Amino acid sequence: AQKITQTQPGMFVQEKEAVTLDCTYDTSDQSYGLFWYKQPSSGEMIFLIYQGSYDEQNATEGRYSLNFQKARKSANLVISASQLGDSAMYFCAMREGQKGRRALTFGSGTRLQVQP
Amino acid sequence: EAGVAQSPRYKIIEKRQSVAFWCNPISGHATLYWYQQILGQGPKLLIQFQNNGVVDDSQLPKDRFSAERLKGVDSTLKIQPAKLEDSAVYLCASSLAGHTTDTQYFGPGTRLTVL
Chain S
1 AQKITQTQPG
11 MFVQEKEAVT
21 LDCTYDTSDQ
31 SYGLFWYKQP
41 SSGEMIFLIY
51 QGSYDEQNAT
61 EGRYSLNFQK
71 ARKSANLVIS
81 ASQLGDSAMY
91 FCAMREGQKG
101 RRALTFGSGT
111 RLQVQP
Chain G
1001 EAGVAQSPRY
1011 KIIEKRQSVA
1021 FWCNPISGHA
1031 TLYWYQQILG
1041 QGPKLLIQFQ
1051 NNGVVDDSQL
1061 PKDRFSAERL
1071 KGVDSTLKIQ
1081 PAKLEDSAVY
1091 LCASSLAGHT
1101 TDTQYFGPGT
1111 RLTVL
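Chains S and G supply the protein sequences, listed in that same order. Each residue of the first sequence is one higher than the one before, counting from 1 in the numbering used here. Each residue of the second sequence is one higher than the one before, counting from 1001 in the numbering used here.
It is worth saying that the hints were derived from the structure and are not from the lab. Keep in mind it's a predicted model, so treat the numbers as computed, not measured. Don't be surprised by glycine CBs; every beta carbon is placed ideally from N, CA and C. Treat each hint with caution, since some may be false.
[Stated by the list, open to error] Below, computed lysine-lysine pairings styled on BS3-like, alpha-carbon distance capped at 27 Å:
| hint | chain 1 | residue 1 | chain 2 | residue 2 |
| --- | --- | --- | --- | --- |
| 1 | G | 1015 | G | 1083 |
| 2 | S | 3 | G | 1015 |
| 3 | G | 1015 | G | 1078 |
| 4 | G | 1015 | G | 1044 |
| 5 | G | 1011 | G | 1062 |
| 6 | G | 1062 | S | 3 |
| 7 | G | 1011 | G | 1071 |
| 8 | G | 1083 | G | 1011 |
| 9 | G | 1062 | G | 1044 |
| 10 | G | 1044 | S | 73 |
| 11 | G | 1071 | S | 70 |
| 12 | S | 3 | S | 73 |
[Stated by the list, open to error] Stretch-level coverage of chain G by chain S, calculated; a stretch enters the list once three of its residues show a Cβ under 8 Å from a Cβ in chain S:
| hint | region |
| --- | --- |
| 13 | 1044-1054 |
| 14 | 1102-1111 |
Model the full assembly from the supplied sequences, consistent with the hints where possible.
Shown next as structure tokens:
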């Protein structure tokens, strides 16, 4: 089974509007972390936001917020007031609680295109 | 603070040749990762180092791939011999072990094309 599922291969949004990128995950661990990264065409993975499994509040970082619904195992990224520079690939990733093994499992990504 | 450095940025080789990639992590980061990202997919872990020891290399094709981190800082990833399916971006990341979020910060990647 896929550990991270991103069901939207591509999304379009108008500049200045909000957009939600979906992510569902699968784990039997109680302790885990969820991350979102942005990958522009230059190729570098840019960290956006983190949510811990025990965090009661949804994470926010500037225009980014993470809509964490633990029971549904979803961790959707919300980008408010989209900008042209937000056009990029967005990856959801999970780090599970296995001791010492801190690697991330990534989804297949969503390509976001912001239109003027 | 300087980010994760990688070189070269691009490499084109013929199949069966060998190639090496270099990574310098963020200063003070004990954990270093190599990921392979095939076009159209998310990154997949190849190997994780904690200081100069290997924590996880379960997905590293050990018949052709090798990696080392001799002094617990820089790391090299080698492919010998390369196959067509090794064409991908190789991403290096590092994290501050023991930090609550243990966020991984990525370098710009090396784009490998095997002809």
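Each hint tested on the structure:
| no. | hint | result |
| --- | --- | --- |
| 1 | G:1015 <-> G:1083 | holds (5 Å) |
| 2 | S:3 <-> G:1015 | violated (33 Å) |
| 3 | G:1015 <-> G:1078 | holds (14 Å) |
| 4 | G:1015 <-> G:1044 | holds (22 Å) |
| 5 | G:1011 <-> G:1062 | holds (21 Å) |
| 6 | G:1062 <-> S:3 | holds (24 Å) |
| 7 | G:1011 <-> G:1071 | holds (26 Å) |
| 8 | G:1083 <-> G:1011 | holds (14 Å) |
| 9 | G:1062 <-> G:1044 | holds (15 Å) |
| 10 | G:1044 <-> S:73 | holds (22 Å) |
| 11 | G:1071 <-> S:70 | violated (41 Å) |
| 12 | S:3 <-> S:73 | holds (11 Å) |
| 13 | 1044-1054 | holds (count 4) |
| 14 | 1102-1111 | holds (count 9) |
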